[in-house]
Amino acid sequence: MVDLLHTVRQRLLNGGVPRRRVERYIAELNDHLDDLTEALSDGGLGVAEARAAALVRLGCAEVLVESMMSNRRLRAWPHRVPWAVFVVAPALVQAAGIGLAIGWLVVTASAARTAPVTLPAFVHWGVPVLTVAALMAIAVRSRVAFAWPFAGMSLVVVLANATQLNLTVTSGQAHTLALSVGLPSIVAVVAQGGLAALILVLLRGLGARTAFGVKE
Amino acid sequence: MVGNPNFLNGVPELLVLNLLGDREMYGYELVQAIRSVTGDVIVLGEGVIYPALHGLEADGALRSRRQTISGRSRIYYSLTPRGRARLREVTDSWVTLTTAIGVAVGRPVLG
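First to last, the sequence lines map onto chains A and B. Sequence positions in the first sequence follow the numbering used here and run 1 to 216. Sequence positions in the second sequence follow the numbering used here and run 1001 to 1111.
Hint data in this document are derived by calculation from the structure and do not stem from the laboratory. Ideal Cβ placement from N, Cα and C applies to all residues, glycine included. Accuracy of the hints is not assured; some may be wrong.
FRET-style restraints, in silico, Cβ to Cβ [what the hints assert, rightly or not]:
hint	chain 1	residue 1	chain 2	residue 2	range
1	A	103	B	1091	53 to 59 Å
2	B	1071	A	15	48 to 54 Å
3	A	73	B	1065	36 to 42 Å
4	B	1089	A	95	41 to 47 Å
5	A	147	B	1089	25 to 31 Å
6	A	146	B	1098	45 to 51 Å
Over 12 Å on every C-beta distance to chain A, these chain B residues come out as not near it, computed from the model [what the hints assert, rightly or not]:
hint	residue
7	1052
8	1059
9	1107
Some chain B residues near chain A, calculated using beta-carbon distances under 10 Å [unchecked claim]:
hint	residue
10	1046
11	1081
12	1085
Let the hints inform the model, and build the full structure from the sequences given.
This is the structure we're talking about:
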């Protein structure tokens, strides 16, 4: 019985069913087995025989897994719409970040400054790296195949390095805000990509030991 | 006896909604009730009742709550107003379908 429920649990988690739903399903199957075993035992079977008969009536692992997996509504969002979670959402986050950055530049503009104002390095690096870290955490927790998170990560890194925001303060009240889009710096892309890959490796290692996932 | 481990399309939903329309039940209870009311004609891989219940709950047709009775904790399911509306729809569809099939095969299905 332990093998059956363990197998069902692992296959459902790997198949993209949210952990909370899987645990509830397994708990219900376990209770069902107990009830069925008791009923069969009361009907005259020995305990071991009743347990074996109950397992047969519960259904095999393939059937128990397929009946849950066949219903898309019961799967986690990263599995249902991976393109939205790993590509569209991060792109929108980057766009929002650019909007906030423009706002920050405008607010911090000072008539006394004449040197161009650019975003602090921790914003230019921090926002994409945090976005990528979030993508990787979602991917590890939901056990999504690597292709979609990798596409999202690549998009974030390229977008972050392809856009430059500069605010030039001229004398008096005139300010010039320039948003330029160009080829990303290869060095920056490689550096941020490497950092994101390191985060992924660390998270996958953590995921094998903590609530992020079960070590396979 | 009809055994279909993949759950006969549409039939379990009708039976589940109909039985839960009378009173709330937990999964094991529901499976035994299906066997009983169908005279053991419909026998299913019992574990598959739970994905069906989860799906109906995700659709808003059922609500669930955990209850402890006689020292045993179980998740009980009951119909929501949306579930009652769905029961009416599914029942109407089933009656229409079976009547049409009865006419086609020359035997009335519902008397």
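Do the hints match the structure? See the list:
Judged by the Cβ atoms, the range 53 to 59 Å given for residue 103/A and residue 1091/B holds: they are separated by roughly 57 Å. Residue 1071/B and residue 15/A have their C-beta atoms about 34 Å apart, which leaves the hinted 48 to 54 Å range violated. At about 21 Å, the CB distance of residue 73/A to residue 1065/B disagrees with the hint of 36 to 42 Å. For the pair residue 1089/B and residue 95/A, the beta carbons lie near 43 Å from each other, so the given range of 41 to 47 Å is met.
With their beta carbons about 40 Å apart, residue 147/A and residue 1089/B fall outside the hinted range of 25 to 31 Å. In this structure the hint that residue 146/A and residue 1098/B lie 45 to 51 Å apart at CB holds, the actual value being about 49 Å. The claim that residue 1052/B is not at the interface with chain A is violated, since a C-beta of that chain comes within 12 Å of its own (minimum 7 Å). In this structure residue 1059/B is not separated from chain A by more than 12 Å, as the shortest Cβ-Cβ distance comes to only about 7 Å.
Non-interface status of residue 1107/B relative to chain A is upheld: no Cβ of that chain comes within 12 Å, the nearest being about 33 Å off. Annotation: residue 1046/B was flagged as interfacial toward chain A, and the flag holds, the nearest CB pair being 5 Å apart, inside 10 Å. For residue 1081/B, the suggested interface contact is broken, since its CB lies about 20 Å from the closest CB of chain A, more than 10 Å. Using the Cβ-Cβ criterion of 10 Å, the hint placing residue 1085/B at the interface with chain A is not satisfied: the shortest such distance is roughly 19 Å.
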